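Visitor: Here's the letter readout for the chains.
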Amino acid sequence: MVGPMNESVPDKTLDQFIKLSEILTGCELDVEQGRAHLVRLLSTPLVPPIQEVLKRFERLPRHSLAEVERKMVSDAALRSTLCQIVLLWYTSALRDTVSDPLVLRFGSEQTYFGGLVWHILGAHPPGLSGGYFGHWRYRPDNEPNGTPM
Amino acid sequence: MTQDFDIVVVGSGVAGAITAYRLAQAGARVVILEAGSRNPPRAQMVGAYATAAIKNPHSPYVNAEADKMAPTSDSSPDYYDQPPPPHTQYKSNYERRTGGSTWHWLGHTPRMLRSDFKMKSLYGGGRDFPADMVDWPIDYDDLEPWYCEAERELGVAGDHAQWNNLFNSPRSQPFPMSMIWPSYSDQWIAARLDGKKFEKIEYRVRSTPSARNSQLYDGRPPCAGNSICVPICPIGAKYDGSVHVGKATAAGALLWERCVVNGLTAGKDGSVHAVQFITWGGEQRTVTARLVVLAAHAIETPKLLLMSKLANKSGAVGRYLMDHLSKSTFGLAPENLYPFRGPPSTSGIESFRDGDFRRKQAGFRLSLNNDGWLRKNAPYAEIIDLVMKQKKIGAALQAGLIDRVPRQLRLSCSVEVAPDFNNRVELSTTRDALGIPHPKITFTPPDYSYRGLSRANRVMADMFQRIQATEIDLGTDDKAFDGAGHIMGTCRMGADPKQSVVDEELRCHDHKNLFIVGSSVFPTVGSPNPTLTVAALALRAAKTIAGQLGRRSARARS
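Protein chains in written order, with the numbering used here: chain A, 45 to 193; chain B, 4 to 561.
Chain A extracted, bound-state conformation:
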């Protein structure tokens, strides 16, 4: 469920954003973190804008992975913004799509250190291990799922 009302982010919009984000990332997500990410996306000139992507999502008959894959990810016009949503949750970064080579604009230090990709990889964000001396000698406690060894 969505948290308290926020003037800049209507609950319904946030709710749609969280649902879409959970399908894209494959993770259960924090709503308040989602609010911060959505505010950032709303203030970023994306092509297409995040509002348009959320409208497309809202119009889907079912909010399922298969439906998002078929109706949204397969649409090249939407994919860039969908990728930005993933990148944001996974790393806190927004990609500067104009520049080459890859330039990333990271969010706050809290969101940088809270990037989901590191946990998915059995790693930690560079700069914050949360571990003890020598933990790198062993396989990670949060070993990536399904990894053949």
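Calculated from the structure, these hints are not laboratory results. Quick caveat: nothing in here was measured; it's all calculated off a predicted structure. We put the beta carbon where it would ideally sit given N, CA and C, even for glycine. Some clues are possibly wrong.
Stated by the list, open to error - In silico EDC-like links for lysine to aspartate or glutamate, alpha-carbon gap of 20 Å or less:
(1) B:Lys392 / A:Glu102
(2) B:Lys58 / A:Asp140
(3) B:Lys394 / A:Glu153
(4) B:Lys392 / A:Asp119
What the hints assert, rightly or not - Here are some, though not all, of the chain A residues that point toward chain B, as calculated from beta-carbon distances under 10 Å:
(5) Val75
(6) Leu131
(7) Val161
(8) Gly171
(9) Tyr176
What the hints assert, rightly or not - To spell it out: a stretch of chain B is covered by chain A in this simulated footprint if at least three of its residues, at any positions, have a beta carbon under 8 Å from a beta carbon of chain A; those stretches are:
(10) 39-53
(11) 213-227
For this one, chain A is given, so just place chain B on it according to the hints.
Guide: Below, chain B without anything else, positioned relative to chain A:
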């Protein structure tokens, strides 16, 4: 206004800070002049790194005023005045701030080898041996006790058994701390490489000695493997020069920050007593002392001597600029190695550092790294690729990442650069905000070093093949290299005043009360990271300086 001290130390990096500490401990009145300023709290700098778009060695230290008043190539891409590409670029950077460039060093502290001090005697004479390669005026045995002392001062973790007598370079004492543990990746590679040979040279993976705590040491915590030694240790487990700045000031030394030295003046007797500096506020001031120690790294130190027209009867000031040629290569291991955990590098291969081959080509170190393909934008590039090109989302996206990123491996080399008379630092006509010339740099690695780099490429290719890696990326240009951040040479040490700037005690041949500490005095460099040798030489010089100061005090009193 002029103030008088026993010692003025110019620069507060590891060399200057250790020298100042030892001299202040001995009772000398010491002032350290630092061009930069002290850092904000460490947590604030880690935050700056976290939010920086470009996470380079300078990213925690960006400060508009400091970057303007004490610029370097770290903060200002055009700081080095050098011919543009395709001319070879000098790529190593440094920091001008309290504590110096050790803020963003990796922390590795291998010693030089016995042979590194006697290259000309051991390997010289052939047509492929560089003409400017020389012997040091001291040997390994002279420096060995000081290496032990430096390891205690910096706090070095290492494995005595692995390193004792490496290439006939014995250790008289154990490391002060047990080794930084090898990563899972290191152990996996060692299990597949140790004992195998490349051109009759045997691979052996060793834990790299590092000035990172493996236990509580000197009031600093053990390493937690936060993975960003470069550009900043978030918890201070890695040594940096600010440790000895703190010890020096606690022992009574004064630290004057934001004071950019722009001149030294010699008296009629050739001794140097006056040091001129500009404050960031633009005030020109002078401080006087009985002895002066230059510790401004291998770019700013020769710059200062050239600006002052001192210490250069040999014509060697600024000459023989060196570095190590660094190159990263990439491969995908057949199993998970779990990168992005632990220090960026915990083990290496020393087997190629020495041998009869050094008559014709440079030696090198190899590092096994724990940072995956971060230098190729992992895991960001993989996420983008999986979504944008492969249209993966959800569990499929995660599976795609898990399938590749934990298997990513980076190997790297650090190749000896031979001294060359023509590789140099001069004064540019371009000036900084305080009117001080930028350094003009000329640098082309000798063929001797390129041959070593070529062999290092072949060795890394062999290593990847032996571990059955795929997607091996050795780069397309066999001569391409990165800077190692190991700026060396420019004020070489030697016995002959006609060919060197300082004597074996690091005293300028031309000015008996002017000393130079730091990597600028290296006549040759071998292939190890230079900081431990810098520290050992500084400790050794501090004893000489204290002795010289004592004799002068005695003469003054009599």
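Visitor: Compare the structure with each hint and give your call.
Guide: Each hint tested on the structure:
{"no.": "1", "hint": "B:Lys392 / A:Glu102", "result": "25 Å, violated"}
{"no.": "2", "hint": "B:Lys58 / A:Asp140", "result": "15 Å, holds"}
{"no.": "3", "hint": "B:Lys394 / A:Glu153", "result": "29 Å, violated"}
{"no.": "4", "hint": "B:Lys392 / A:Asp119", "result": "12 Å, holds"}
{"no.": "5", "hint": "Val75", "result": "19 Å, violated"}
{"no.": "6", "hint": "Leu131", "result": "6 Å, holds"}
{"no.": "7", "hint": "Val161", "result": "6 Å, holds"}
{"no.": "8", "hint": "Gly171", "result": "5 Å, holds"}
{"no.": "9", "hint": "Tyr176", "result": "7 Å, holds"}
{"no.": "10", "hint": "39-53", "result": "holds (count 4)"}
{"no.": "11", "hint": "213-227", "result": "holds (count 5)"}
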